[in-house]
Each structure stands twice: as structure tokens, then as C-alpha cells.
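K.L.:
In order, the protein sequence lines correspond to chains Y and U.
Note that the first sequence covers residues 1 to 285 in my numbering.
Note that the second sequence covers residues 1001 to 1365 in my numbering.
FYI, nobody ran anything at the bench for these hints, they're computed from the structure.
As the structure is a prediction and not an experimental result, all values here were calculated from the model.
Each residue gets a CB set at the ideal place from its N, CA and C atoms; glycine is no exception.
Check each hint, because a few of them may be wrong.
Derived lysine-lysine pairs resembling DSSO-like cross-links, with alpha carbons at most 27 Å apart [said to hold, decoys possible]:
1) Y/Lys25 <-> Y/Lys142
2) U/Lys1065 <-> U/Lys1266
3) Y/Lys282 <-> Y/Lys220
4) Y/Lys282 <-> U/Lys1350
5) Y/Lys235 <-> U/Lys1065
6) Y/Lys175 <-> Y/Lys155
7) Y/Lys220 <-> Y/Lys25
8) Y/Lys175 <-> Y/Lys142
9) Y/Lys25 <-> Y/Lys175
10) Y/Lys142 <-> Y/Lys155
11) Y/Lys155 <-> U/Lys1350
12) Y/Lys142 <-> Y/Lys235
13) Y/Lys220 <-> Y/Lys235
14) U/Lys1350 <-> Y/Lys235
15) U/Lys1334 <-> Y/Lys175
Selected chain U positions facing chain Y (Cβ under 10 Å, derived; list incomplete) [claimed, not checked]:
16) Gly1008
17) Ile1012
18) Leu1062
19) Pro1086
20) Phe1088
21) Arg1103
22) Ile1105
23) Thr1182
24) Pro1189
25) Phe1316
26) Asp1322
27) Leu1335
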Amino acid sequence: MTDQAYNFAYLDEQTKRMIRHAILKGLAIPGYQVPFASREMPMPYGWGTGGVQVSAAVLTPDDRFKVIDQGADDTTNAVSIRSFFERTAGVATTTATAEATVIQTRHRIPEVPLSEGQILVYQVPIPEPLRFLEPRESETRKMHSLEEYGLMHVKLYEDISRHGHIATSYAYPVKVEGRYVMDPSPIPKFDNPKLGDCAAIQLFGAGREQRIYALPPYSKVVSLDFEDHPFEASKADHPCGLCGSVDSYLDEVITDDAGGRMFVCSDTDYCETRQAQGHRGKDAA
Amino acid sequence: MYVAVKGGEAAIRNAHAWLAEERRGDTAVAELSVAQIREQLSLAVNRVMAEGSLYDPDLAALAIKQARGDLIEAVFLIRAYRTTLPRFGSTLPVETAEMACDRRISATFKDLPGGQILGPTFDYTHRLLDFKLAAEGGEDAHPAPAVEGVAPAAVPHVTGFLNREGLIEEAPREDSLPPDLTREPLEMPADRALRLQALTRADEGFTLSLAYSTQRGYARNHAFVGELRIGTVPVEMEIPGLGFSIEIGEITLTECETVNQFTGSKTEPPQFTRGYGLVFGQTERKAISMALVDRALRWEELGEDYQGAPAQDAEFVLYHSDNIQATGFLEHIKLPHYVDFQSELELVRKLRREAGVDSLQEAAE
């Protein structure tokens, strides 16, 4: 099964060591973006090269690996990354969240709470939460080192004064351990509360931007807000059409050309597990 | 009833099979060999080697074949392969002054030691389609041009002549180990060695456009092509335990040195200044562009004003010049984004509700 032409999990040991150094530094300074010498991977930048490098650096032959994209195990890129590690590392794979030891994700945190011993690896497109307020890396690094986050609060305040709400619905910024403002990757803000006090190790890899950052287990993670406009985790106000869950994040699916829609869990493993337990939504067969 | 989209695996397999078929094209037409690409599309091969940062014409030709002629895709294949290669060591700096020149021109002096050597250039061709080339098998027996005399062994650099008069800034030899862009993360501020490293593998189109913008007034730097040379140089390496360096091969390079007018600044006297371009293979458009952009990026060390021009902005230039990074991030927006889009849908609906606009859908319900 393993492709013998390449080292275990594709990257050479030196590179993996360099990445592990960055991960350890990231864990030691939660929320701090550690520069690392990202390699060209055999999939394009933007397809999760940061997450793939982090996974490659932490995987061991005994691991059980799960990959989700938009919450689903069967989206094309999740399939592609899973088969990449099946081929280059020969690790066991699973779609069951609870059985996985390493989970690579794009844009979601699984619905089922993670446990100690698990590692959640996020694919990150733009690691810098201040990037859209200040395009210069030299400036944003200075802002982080001086804890100069006023600009971010002004932006959120302007949203409220203009729209009555904070107009950020995904990649919603958080403050880690009272120090660094961090981009949680483009997860919906519905997932933000799961970032904090999480039993698993959370690692964030941005390949093109050459940054790694991390949340050690049980970190304090607070979504930015104001006393009179507290953070609110929102989702579509419907139950899942297939499993009937009322507290999972939902995808909206267009079912016909007459405007028919239904809402289904974006976390496919969660939804299937519930259906197997006999839960039924209104659109289930 | 809604059935979740399954079968990603089978869809990917089928897409790959179709891609392979499209790559081959009509099987009634003979297959292109890697050697044919290497020999007959050599400028494409050169570009892929330069931007792929790997000097290997056979692999570059293979990448072009596999990529169906998409050169950025070919560069990507080369980069992904390159990063897996073990590193044995570093070569000695190549001596471009000792280049065996196929082409060497100076725009600043009519004649000069070493002479003007036109070489294999498109410069004075008339761009008329040559329909003789379309005639299958009708290979024209182009007689090899008679070689009149042999080029002098060493062709001295033009900037050296100016230097004797002290008219051009010094470019002292610098033997410290340059940073390695492919092994260390790019961090700002970047010194000139790092900037040049990024520019030599930068996208040709991007570099060309930036260079062109300086000519049109966005940080104009009055460049003359002091010299453009294309030819082969030996590559030498010190083998541990041997005690001396040995030649391990030969590569073709294009080098461009620009001579830029400079009236002096608060810190520097009036003198000519330099821009530098050095690129794998015969790649002169890229080398000239690189030299112009290099010069524009040097505003700070020369005490010039920052005019806010894109070509002066090292962060802008270096973070956006890599076509593999750029194309990856650009194209990734076609990957699924249902989750983020859903959260935006909810937000827009909420904002519209509060603004008193009901969407048609909600009105219908």
C-alpha cells in the first residue's frame, strides 16, 4: 500500500523535524504564528498544503486518520487528502470522529466533542486575523508584538454601528489566553465556542503563508465581542432534514428548480451516526 | 428525497482518466516525445526550469508534456519534485565573466572588448508566420552558419569598464552565505540576495509587467541594458575530503546588468547604479525584467524617495511574484465553500430582515 519511493508520510525526516519544532513553539505560545519553511507539496497551495504538512509531521504508523472538508468525509478534496496519506503513510483511516487520532479539517470543527489524545489539524488560507485591516506583514507582526489590537475592535464596532451586528460570520477572530488575537481559519462562527477548553490538541497550518500556530488542550479562547453586543454562535434556524438534529451546523441544499430547499448537517459522520441510532428528520426516506 | 452527493473517489478517478485521454489528444497523431519538447520547445523548457528552480531540461520537458503545455502547471510539477530531492551541498558561485557566450550585447557602447554577439535571437526577425514550418516532414535543411572565428575565451563585463572611471557604484564581492528561500520562510525585510532569489524564480509575466510599470513612470529608474549575455558556465563544487573543487556540469544562464542613471541622493553621490538579473536558460525577457525590478526595489539603500510605486514595494513584489503560490490560492476558490457561504447567507438574510427587506423566498413562504 505504501508508496516506497517516498519517506513515511511523504516528507523527509529533516523537514518533519523542522515542522515539529514550529508546532512545539506554537504550543508553547498559544495563538502565536510561527514562521516555518513550508515545502511545495504535490497538491496546490490553497488545497490544504499547510494542514497536510502538519499532519505529515504528527502522524505515526499507529494513527487512525480522518479528513473532513466542509464537515464531510466524502467531499472530493477530503477524499484526495485521505488517499494521499493512505498511499504515502499507509495509516488506517476512518470517518468516525471518535475513532480518529488525527483529524485534518477544512472549515469545520466536528460536532462531537473531541477527547484527550486526539489532534485536530486545520487547513488555514490566511493565518493573519489583521490581514484585511493591514496588508503588510511587517506591520501586522509589529501589531501582534505590541498587542495593538485596537484596529480590530474599531472594525467590529463599525460593523455594529452600520449593521447593528458584527458582520463577520466565519473566520471570526478570537483572543487566546488573553494575549494573541488569532484567526480560527474559515470555520463558521457557530464553531467558535468549541475552540476553547477543548480536550484535543488543535494545530493550524498555513502552507502558502508559511505559518503554523496552535492551541494546547484546554486553552482559553474568547471570541471578540463587546459587553453590550455579546458574541453569538449562529446557524440556520432549522432542524436537520435527515437526522432531525436541532443543534448541529447545517448546509442549505437546493433540491429542485422551484426554490425548494432543505437543511442537512454539514458534519456527515454526526448525521449518519444519528440516523443509525434511529433519529429521523422530516426529509428522511 | 435528497441523496447526499457521494462517490467523490470514483469521480476523481474518472476525471483523471479523462484528463489523460485529453492530454494524449487524437491518437491518429503521433505522440510527442520528451526529447522533441526538450529540443524544439526549448524556450518553454527554459522558463519551466527557471521558475521551477531546477536545472534539468529533460524533467522540464517531461513536465511540459504531462501538463499539456500549461507552463505554470509544469513549473508546479517541477517544484513539487524538487522539494523531495536530497541536498548534497552547495556549488561555488558561478563566474559569469568566464561565460562561453552565445549572445552578448551592450546597448550602452557601440563596440567594446569581446564584441557584440547577436546569437540566436528573435530581435530582428520579421514576425511573419512561416508556413514552411507547417509542412509536415518538410524539414528545411538549414545550413549551419559558418562560424567565423571563435569568440574570445573571456568576455569582460561592461560594467567593469565604467567602474574603472568610478562612474558606477561599486558592487563588492560578497562571500557570505545567502539565505535560502526554499529552506527558510520568507520574512521581511528581505536583503538583496533574498530579493534576487525570489525574482529569479518569479513569474515571468508578473516580473515583466512590474518592470514595464517602472518604464512608464511608476518608480522610473532610467535603465540602460549595459549588458545582456547568454551562454554556458561551468558549475564547480568542492567535494568534502578532496581539498579542491571539481567541475560537475555546465548550465546555460542569461545575465542582464542594467546601468541606471542616478543624480545622487542625500546619502549617495551622483553615479550610475546597477540592476541585476540572472536566470536559468535562455530567458532574456525575464532577465531584463528582473534587473529593472531589482533596481526599483533598491530605493531604500540608495536613499531614494519611496514613490508608492508597486515595483518599489518589496512586500508587494515578493509575496505576489510566485506563480505557484498565486495560482494555488486563486484557483482554490473553486473548492467547496458551502459552510462559509451558508454562514454568509444567514447573515445577509438577518441583515435584510432587519433592514425591512424581505427576500422573495421568505415572502413566498
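K.L.:
Could you grab the alpha-carbon distance between U/Lys1065 and U/Lys1266 and see if it respects the 27 Å cut-off?
P.N.:
At roughly 53 Å apart (the allowed maximum being 27 Å), U/Lys1266 and U/Lys1065 break the hint.
K.L.:
Please verify whether Y/Lys220 and Y/Lys235 have alpha carbons no more than 27 Å apart.
P.N.:
Answer holds: Y/Lys220 to Y/Lys235 is near 23 Å, not above 27 Å.
K.L.:
Is the hinted pair U/Lys1334 and Y/Lys175 satisfied, with a Cα-Cα distance of at most 27 Å?
P.N.:
violated, 30 Å
K.L.:
Was the hint right that U/Pro1086 lines chain Y, CB cutoff 10 Å?
P.N.:
Cβ of U/Pro1086 sits 8 Å from chain Y, so the hint holds.
K.L.:
Given a cut of 10 Å on the nearest C-beta pair, is the interface hint for U/Thr1182 held or broken against chain Y?
P.N.:
holds, 8 Å
K.L.:
With a cut-off of 10 Å on the beta carbons, see whether U/Gly1008 makes it to chain Y.
P.N.:
holds, 4 Å
K.L.:
Taking the closest Cβ pair, is U/Leu1335 under 10 Å from chain Y?
P.N.:
At about 6 Å, which falls below the 10 Å cut-off, the nearest Cβ of chain Y leaves the hint on U/Leu1335 intact, so it holds.
K.L.:
With a cut-off of 27 Å on the C-alpha distance, tell me whether Y/Lys282 and U/Lys1350 pass.
P.N.:
Within the cut-off at roughly 25 Å; holds.
K.L.:
At a threshold of 10 Å, is the proposed contact between U/Phe1316 and chain Y supported by beta-carbon distances?
P.N.:
Holds: closest Cβ of chain Y sits about 8 Å from U/Phe1316, inside 10 Å.
K.L.:
Have a go at the U/Ile1105 hint: is there a Cβ in chain Y nearer than 10 Å to its own Cβ?
P.N.:
With a minimum Cβ separation of about 35 Å from chain Y (threshold 10 Å), the hint on U/Ile1105 is violated.
K.L.:
Would you mind confirming whether the straight-line C-alpha gap from Y/Lys220 to Y/Lys25 stays at or under 27 Å?
P.N.:
holds, 18 Å
K.L.:
Taking 10 Å as the limit, does the beta-carbon of U/Ile1012 come near enough to a beta-carbon in chain Y?
P.N.:
Cβ of U/Ile1012 sits 6 Å from chain Y, so the hint holds.
Checked against the numbered hints listed earlier, the structure breaks hints 2, 3, 5, 12, 15, 18, 20, 21 and 22; every other hint is satisfied.
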